[in-house]
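Protein chains in written order, with the working numbering: chain F, 1 to 422; chain L, 423 to 1243.
These are calculated hints, taken from the structure and not from any lab test.
Do not take every clue at face value.
[Said to hold, decoys possible] These stretches of chain L come out as covered by chain F in the derived footprint (C-beta under 8 Å, 3 or more residues):
{"hint": "1", "region": "1179 to 1193"}
{"hint": "2", "region": "1214 to 1224"}
[Said to hold, decoys possible] Below, in silico cross-link-like pairs of lysine to aspartate or glutamate (EDC-like), each with a Cα-Cα straight-line distance of 16 Å or less:
{"hint": "3", "chain 1": "L", "residue 1": "Lys569", "chain 2": "L", "residue 2": "Glu557"}
{"hint": "4", "chain 1": "F", "residue 1": "Lys133", "chain 2": "L", "residue 2": "Asp1178"}
{"hint": "5", "chain 1": "L", "residue 1": "Lys1121", "chain 2": "F", "residue 2": "Glu89"}
In this text, a Cβ means the ideal position worked out from N, Cα and C, and glycines have one as well.
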Amino acid sequence: MATPVIMPRQGQSVESCIITEWKKKVGDKVSVGDVLFSYETDKSTFEEQAKVDGTLLAVFYNADDDVPVLLNVAVIGNPGESFAEFAPEGAAAAAPAVAEAKAATVAEAAPALQATAARAEGISPRAKNTAEKLGVDPTQASPSGPHGRVIERDVLALAKESRFGGETVVQSEAAAPAATKTSEAPSTVNAVEYDEVKLPNLRRMIAKTMHDSLADMAQLTHNTSFDATKMNAFRESLKTAPESMSLPKITINDIILFAVSRVLTRHESLNAHMVGDKMRYFKHVNLGIAVDTPRGLLVPTLFAAETKSLAQISSESKALAKSAIDGSINPDLLQGGTFTISNLGLYGIESFTPVINPPQVALLGVCSIMERIRTVNGQITAYPAMGLSLTYDHRAVDGAPASRFLKDLVTALEHIDLLLIG
Amino acid sequence: MAKQIFIDPNEVRKPETITFPSIPVNQYQKTVKDEKKNFTKEEFLNIYRDMAYIREFETMLNLIKTTNEYCGVQYNHPGPAHLGIGQEAAYVGAAYELTLDDFTFGSHRSHGEIIAKGLRSIQILDDAKLMEIMETFFGGRTLSVVKDSGKTVKEIAINFLLYGMMCETFARKNGFNQGLGGSMHAFFTPFGIFPNNAIVGGSGSIAPGAALFKLSNKKPGIVVCNIGDGSIACGPVWEGLMISAMDQVRTLWGENGGGMPIIFNINDNFYGMGGQTRGETMGYDMVARIAAGVMPSAMHAERVDGFNPLAVIDAYRRKIPLAKSEGPVLLDLVTYRFSGHSPSDSSTYRTKEEIEAWEAQDSIIAFGKQIVDAKIATQEELDAIWVTIKDNMLRNMKLSIDETVSPRIDIYGAESDYIGNLMFSNQKVRSFDETRKPDVLLPREECPRVQLLSKRARYGFEADGKPVSKNRVYQLRDGIAEPIINKFYEDPTLVAFGEDVRDWGGAFAVYRGMTEAIPYHRLFNTPIAEAGIVGAAIGYAMSGGRVVAELMYCDFLGRAGDEIFNQLCKWQSMSAGMLKMPVVLRMSVGSKYGAQHSQDWSALMTHIPGLKVVFPATPYDAKGLMQSALNGTDPVIFLESQRIYDVAELFHAEGVPEAEYEIPFGEPDVKRAGKDVTILSIGATLYRVTKAADILQEKYGVSAEIIDARSLVPFNYEPVIESIKKTGRIVVTGDACERNSFMRNLASNIAELAFDYLDAPPVVVGAKNWITPAHELEDAFFPQPEWIVDAIHERILPLSGHVCKHNFTELEQIRENKRGI
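All chains should be built: construct the whole structure from the sequences, respecting the hints.
Printed below as a string of structure tokens:
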């Protein structure tokens, strides 16, 4: 008796999951515990293991298909056993009823002339309008239309799965058959010299955002450093703070965030977005904080940072980072930043050229603290110097105002005790 | 085809010789003196006066064209002026015996005909009737300018005629056609003056239709078709002659037939523009000779001295009764134009000596001399006539060029839509003659077709969902036939004609079962003469009747090109709405019969302003659209696909109602609702589209909305845009060759109108830009269900797992266009 494999439900709110990769193909022998396929929700990636021994008889959905939970996605049984009765109805019509062992059909699904595909990349007017309605960025969608055109279904899919899409409930269009795929697992190569891994959606989005950022802006980076003596002393003093004050553990990052939030209020040209031929100068400092997560870079936002105390900034930024890392973050907190801080000091980075998160116009890279020497009253002395790398968009801001911001920031950080008073 | 006429081999195989009746040439040689007893002094002087009016009118135009002034008054007329200086005796002689019941049709050189017929009508009309005509014409607007221009009604009317003609020539709103006809197309139907025609021989195919109207509806009067010697080689003229000469009106129409009341009046001025018809471009020697080849009567043809008005009058006195009893008649008037073809003509093709020789015999001078010699009047009396004429000419010329008195349509301002509003009459006229009972042979309920229809199932499926047998079901051809039958019993003026429409029932059985009920003079076979068929329909409708004409195949419309593209479509608007054109022109779109019998040429007709074009694909739509066409007043091209004459009603669940209903033109119809892609179909592709929609649904889960265009002109885009708001995607399909098809027009407009809703550009799936191959190869030529799926996959919405069989890539589109295919 053949056994169906269902798409598991990962939590009550999950309606469907996207198959990211089939690890087995039709005809393969599988044993209990073998990974059949990997799949992802908008928040996480999972693997489905075989629960019975046998042969994979049928696969009803292809990689990249968005499969409603609890539907049959595959059948395991003995060769020759019937499996058609497990084929899901309705939504399943979107996929070939049965994927034959030969994966040849996959290539045919693409428009006949792949050669022209690279030529016209675009977004259909309808897709643009739908994107606007749903509040998503259509350039982030994975195109499935002819010649790499983003069509409406791509925007709908994006809205459903992307971090930008939020909780928008999108009507499922039965119209949208699965996007075409370019290849399945390279079955002919046994001695694997590389692993070809299809990019997860988040990676694809990061790739596009970063590339667009560099392609579209005139970015350059100014490097400087500040004397961290007082900052270190301040942190030392906190360690001995009375417990009754119940202060959070203040990190260097917290102090930088605090200082930036204060200094930026005097430098509105950097706390801004550049949108087409317009600048938007923000009344609040909404700090984007670059966070390394298992799924890739995420940038949660600390809203109105300039109104918050150091202690508030410290606790809130940590909570944001935690939820970004564990995937529980509210998508609303992944947008709306006006200026971003990326801290690589932990890794001993001495200076770098961070990439701006568009449509912001600047981003501060925070580097490690190094011992530097200088002469004081003719004496060579060492002091802790912390590096700062400010990338800004020269289209929006000139070098002098950017440098003035850095100079003010250095002053503020070198006099953190005084800044805290203000 | 007529069973009554037995073709006896013994008879037709007998040795014989064809003999031709002799055709008199210039036999009349009398002068004023000889005719003194037959005309009063006033009549002689009016003949002289009318010729002089024409001469002065043309002289005025010639001076304006060549010197920008007339009698010291400056004016620039950039438009045409084809003058007939020299031809006055022919014009006046031909008009002299005509009454208001007699209709004249003219050519580009017809100012003289209009003035002659106008002056003659004024002469014979009583004052009350004359005043009524002038007062009711465009609400008395033209009259108001000239109402104080004379002491008598006739004097006022002469000024009305001159002023109306001048305004028409100078594109003024007070012109006889509000300036929309112009010099070459002026006319005035209240005086029996029907359109003059700027296409050489244009009236040759149209005037016979007016004669058919008179014969079929037993109307008094005859029709005069004024054409020139230069038009005799034109095919449509020959076709008009053939339709006029049809034996059946004498052999088969019985008491409803008789003579075709038409005189082909050929003004032989020896030149077709510059081509010399006698001796150079034609071979007939004398135009009258052609009549001998038309019919045994030789059309009672005569060649008459058109330089002598009395000779022409004499001919008409004898020929008008003959036309009524034994028409058609052909008259060949010898004449000569002193003026060039147009003012730009430098007469390089003829000698000064030739012109001078004719001027030496100037008909006006000669006729004046005869009057003086015969002591009818003195030279002073003749001179006084000229003074009056010149006064009237100058006064009316000044009025007609006065921007305040005689403005043009304010097309650049307040009346920007004026011409647009005239393109269609858009009226409902159930019957063009409610005073008469229609001539029929059987009561409606005994009409065999009506009896047949009463037994047919009006919906394509039985209650259990099984399709009704073709033989028992109401088909698309029935949907076309039913309103026509009903209209035969409602509108006595309705006639239907075309090739093989009577006993055969039409090549595709639309008229089957009507022969028994509808008499010959209302349903008849024409010769194979598409230009003649359409031309006759136009003349018939202009005269006040309703026509359903048929071209057996759409492919044959090229044979009626001028009639469809220049005549049928234009006369409502060129007459400023004075004429109606209630013509339904049926045309079937073929398949199976190869390259010259399988073309959907809707693009050609939709391109031409002034035609309504419909293409129903279901019995329900066919009936409703035909009813709209038959209740209306506009020319309607009714396209029918031979592939689907036998389809049953499959979409309208209530079936085809027995009662009358109209489907308004211009409204596309959603035949199947869907949500993912819209497929807009023209004509018979509807049924292939339903198959494509099934494939899309069953194989790819894509739900297609099917819209049947039904009408092409007019067309309401709103339902299509609404559909696209939902689906975001559209394919336009039809059986026409893709390039420059109406599908392309739809796609282009849709792209503009629904741009923001589109997920992909509209895609056209038409037939290949090839010849239509043999039936066995046709599936590679006409759109197939799979093509539509392929096009969607390739250009709109990639379908998972779909393998294209047909190349719809952009590269292929570019490649084919580069190659011109």
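Checked hints:
Coverage of the region 1179 to 1193 of chain L by chain F holds [criterion: at least 3 residues with CB-CB distance below 8 Å; count 4]. Under a criterion of three residues with beta carbons nearer than 8 Å to beta carbons of chain F, the stated coverage of the region 1214 to 1224 of chain L is upheld, 10 such residues being counted. Simply put, Lys569 (chain L) and Glu557 (chain L) have alpha-carbon atoms about 10 Å apart, close enough for the 16 Å limit, and the pair holds. For the given pair, Lys133 (chain F) sits about 13 Å from Asp1178 (chain L) by alpha-carbon distance, which is consistent with the 16 Å threshold.
At most 16 Å may separate the alpha-carbon atoms for a hinted pair to count; Lys1121 (chain L) and Glu89 (chain F) meet this at roughly 12 Å.
Figure legend: structure checked against the earlier numbered hints; every hint is met.
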